[in-house]
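Participant: Spelled out, the chains give:
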Amino acid sequence: MIALLGLLAGIGLGLLLEPDVPLWLQPYLPIAIVAALDAMFGGVRARLEGVFDDKVFVVSFVGNAVIAALIVFVGDQLGVGSQLSTGVVVVLGIRIFSNAAAIRRKLFGA
Amino acid sequence: MSGDQASQEDREDRAGLRELLRPRLSRGQLAGGLLCLLLGFAVVAQVETTRRDTTFAAAREDELVGVLSDLSQRSERLRGDLRELEDTRARLERDGQGTTALEDARERATAYGLLAGTLPAEGPGIELTVEDPAGRVRAVHLLDALQELRDAGAEVVQVNDVRAGTGTYFVDAAGGVVADGRFLRAPYRFLVIGDAHTMTTALDIPGGVIKTLEGAGARVGVSARPKVEIRATRPG
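Line order of the protein sequences matches chains A and W.
Residue 1336 is where the first sequence starts when you use our numbering, and the numbers rise one by one after that.
Residue 10 is where the second sequence starts when you use our numbering, and the numbers rise one by one after that.
Worth double-checking, as some hints may not be accurate.
Claimed, not checked - So the derived label-pair ranges between C-beta atoms look like this: (1) A/Ala1436 - W/Gln156: 41 to 51 Å; (2) W/Leu77 - A/Lys1390: 48 to 58 Å; (3) A/Pro1354 - W/Arg69: 23 to 33 Å; (4) A/Trp1359 - W/Tyr121: 31 to 41 Å; (5) W/Glu70 - A/Asp1355: 54 to 64 Å.
The hints are simulated quantities; they were obtained by calculation from the structure and are not laboratory data.
All values reported here derive from a predicted model rather than from experimental measurement.
From the three backbone atoms N, C-alpha and C, an ideal C-beta is built for every residue, glycine too.
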């Protein structure tokens, strides 16, 4: 509940302040966001399965976002940034879908 | 699973959903909420940035290189134009009597006269003859031929004794075609000034003008001429 409120508050704040993404962060933020979304879905799933742990959630949230951004950063240094970010997005997308499927199965039994 | 089990699990899941949305105050919960706040904020910031500047921010290096080389080519061309225009201006400024200006104006008048069809012209080009023994060539065929020739870079066109201009029209009539108010009878003879090779190729493509005309039973001949004389003019 608090997480949901936080999400809504964040969106509201963003709309209100209209922040500018700093230039050095621009290539990495989208990937970090996708990673964070994945962590969020994972958290909801864990809660529904009754194995949710605050510490695990915080660590995986931050860790996933940082690692995803780091992979893209390394890829950019190696000259394969676009390919690597595509790869990261694909993997995270698959994880989000499987998490969403688990949540759906838990909630609706279908 | 049996229906009994399913309904029981269903109840449990409803409880799970309520449990999920029940506010609990603990340090971990607050941390999760804070992270989600950060996520929402970042999502909005990113979406706003993407919406504001989609042209170049999202483009990768190779695309940008392409855009850049396009731009430098165009600026090179424009610089050439600029040099030419500056030359003209210098010449115009040098001569006080206005002979250069007059010369320029005459040149331009001639070019426009040729385009508008008010002046006779001669130059290399082709002659296109359309014989119509079956009597099935219609105005639309001639219009197609004229359009094709123009697309292929024809500068001056004369059909029989009608000089084709921008407003030239063709209308079907008994036993022939009316063009710009004048009655034309087969064979139709197009005299065209322009690049002979390009125009011949354009007329000759599969399914093109010549094939269509032959499909209508016409005999079509195209010959390149080193010098085509066009005497017909349009009233200025």
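Participant: Quick one: which hint numbers does this structure break? Sort them smallest to largest.
Facilitator: 1, 4 and 5
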